[in-house]
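Enquirer: Chain by chain, the residues:
2 protein chains.
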Amino acid sequence: MLPVVVVHGGAGHIPNERAETSCTGVRAAARGGYAVLKGGGSAMDAVVEAVTLLENNPAYNAGCGSVLNVKGGVEMDAIVMDGRTLDSGAVSAVKRIANPVQLARLVMEKTSHLCLTAEGASEFARAMGIQEVPEESLITDYARMRWKKNLDPGSNPVECQMGKMGTVGAVAVDTEGNVACATSTGGMINKMEGRVGDTPCIGCGGYADNQSGAVSPTGHGEAIMKVTLSRQILFYMEQGKSAQEAADEGLAYMRERVQGLGGVVVVDPQGAWAARFSSRQMAWAAAQNELLHYGLYAGEDIMQSIQDPDLPHTHSQE
Amino acid sequence: MLPVVVVHGGAGHIPNERAETSCTGVRAAARGGYAVLKGGGSAMDAVVEAVTLLENNPAYNAGCGSVLNVKGGVEMDAIVMDGRTLDSGAVSAVKRIANPVQLARLVMEKTSHLCLTAEGASEFARAMGIQEVPEESLITDYARMRWKKNLDPGSNPVECQMGKMGTVGAVAVDTEGNVACATSTGGMINKMEGRVGDTPCIGCGGYADNQSGAVSPTGHGEAIMKVTLSRQILFYMEQGKSAQEAADEGLAYMRERVQGLGGVVVVDPQGAWAARFSSRQMAWAAAQNELLHYGLYAGEDIMQSIQDPDLPHTHSQE
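Residue numbers (this note's numbering), protein chains in the order written: chain C, 1 to 318; chain G, 1 to 318.
Certain hints may be false.
Intra- or inter-copy, both count: the list cannot distinguish identical chains.
[What the hints assert, rightly or not] 20 Å max Cα-Cα, derived EDC-like pairs, lysine to aspartate or glutamate:
no., residue 1, residue 2
1, Lys71, Asp141
2, Lys95, Glu193
3, Lys95, Glu136
4, Lys71, Glu119
5, Lys71, Glu123
6, Lys95, Glu119
7, Lys110, Glu123
8, Lys38, Glu256
9, Lys38, Asp87
10, Lys95, Glu135
11, Lys110, Asp301
Treat the hints as calculated values from the structure; they're not laboratory data.
If we strip away everything but chain C, and leave its shape as in the complex, we get (with noise of 0.2 Å):
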């Protein structure tokens, strides 16, 4: 059963012309995840490879791609958990920064903290002599075009928001049986200047543990960060639910309380994984047992092997 990873590239309503793309990318996601781990990595190593990769992809809303905040700029939110010992690195609200989720886990291992924001975020990229890029060159014509629609004061920021969250994550177990998840966002669209969402806020965004799994969610981050989603999913696998259960529990549970749709990717330290969604759509990938499952809708688990040449697939609700 190990090692194992499951990616997810956001819940919500992904657009038909915009499917393909986001599929593609999680798989190649998490096939560069597992890669990390036959290669002998870590859980971390490969949450962090898994999660760079969809960073630099601009067809997700995190590094490049991330939406803009109500003033165009770009401010990103990511956060990593080590299964092992609790331990955990995040940044929020960080500028010009083109991997946010290495700057969270140098904020893990080189601080004594587990957060930074803003410009001590920043400095402390600097510190760690991290390129600081163009704001421009995180920034698509179609993140662009987003904003400039949703500036229009008839648009509705929540039902816009829905049609593409794009936040990433991963989690992974690797072959000594750690855990780890990783998680990273450009956050909400037309956001106010210095919103920090669910992402880096430890519980909510993302939580590993050895001793229960690790979780990486995804949907609307205030609901998200009302139920502590991902400790809560945690909490139930603690009382013996399964990762699958857990993640349906967990998701019904924010829907029921707080109203809120999303998607999470879970699994257990023994390797079962789940990738379930209250949103109409999350694209998502997992690499196990030298297999490649992937999904988009509800229901879908569509396999391959990992070996296989990645070719476009026609999901059949699009």
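Since the structure of chain C is already known, use the hints to place chain G on it.
Expert: Just chain G now, kept in the frame of chain C:
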């Protein structure tokens, strides 16, 4: 049993010469919160009133009296949470604000977000008409002395940190059985610029749910985050533990898993409450049934009528 308010002025090792001031302040804050509740105010009104009083008191590490970051500046975190709706508001790394807890409440009430950070939080404060205060007005001689002492490369930051944590917080239940929590802090002594601790992180620095209760913690922020202490304690209560049992179990869990010390105030919706700590001391006070309870050392529960004049008290172990 209702209403009730319980406040803390921080866990850690409180120097003898500051012990009485610490206790006087929490008694005053509990009286203030209780007066709000007796006047028909909500649990949210009461915790914000109590924490505002503690922020305004230079004896605590919140608002005026906050510890300084490594650059000698004040960056504050605060959170509120309303158990009726699971709605919450928080600010992180906010500067030049006299009462971060009130700004956190405005984030909850006036935005669609749950947390604003750094300059974005300041801009929101200005939009809300909150006057910025000079940074100097938040800095005490004591904070500056400790900052200088900790700049010494030979100092032990963790040990010095334990010397005075002083995060403040409150939980309350109003006459309608609604619970709320609020927590406010200057963070960790000589922290890096932009360091975000447990306080603004929902589930860590506070949690409130009418179905289980409310928690406000204090102690080593990074340890509180790793175990999402507030949410953990409420999980124990959901499983049938009393407020006191759940508090003790949560603190024991934090000590075991991540070697962290701290303290909490907890209420359940019926009005049972607890003020518990694994650190050497925690200044706390509770008001219920026209009685004021307070203590500083483990096992202390001193009582007086809420109408009695506030007289200094010599603690047995000082």
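Enquirer: Now, for every hint given, state plainly whether the structure supports it.
Expert: Do the hints match the structure? See the list:
1. Lys71 - Asp141: within (16 Å within a copy, 39 Å between copies)
2. Lys95 - Glu193: both (11 Å within a copy, 15 Å between copies)
3. Lys95 - Glu136: Close inside one copy (11 Å), not across copies (29 Å); limit 20 Å.
4. Lys71 - Glu119: Classified as both; 17 Å inside a copy, 13 Å across copies.
5. Lys71 - Glu123: between (22 Å within a copy, 12 Å between copies)
6. Lys95 - Glu119: both (8 Å within a copy, 13 Å between copies)
7. Lys110 - Glu123: within (13 Å within a copy, 31 Å between copies)
8. Lys38 - Glu256: Neither way: lysine 38 and glutamate 256 sit 40 Å apart in one copy and 33 Å across, limit 20 Å.
9. Lys38 - Asp87: Neither way: lysine 38 and aspartate 87 sit 24 Å apart in one copy and 43 Å across, limit 20 Å.
10. Lys95 - Glu135: within (7 Å within a copy, 25 Å between copies)
11. Lys110 - Asp301: For lysine 110 and aspartate 301, the Cα distance exceeds 20 Å both inside one copy (39 Å) and across copies (42 Å).
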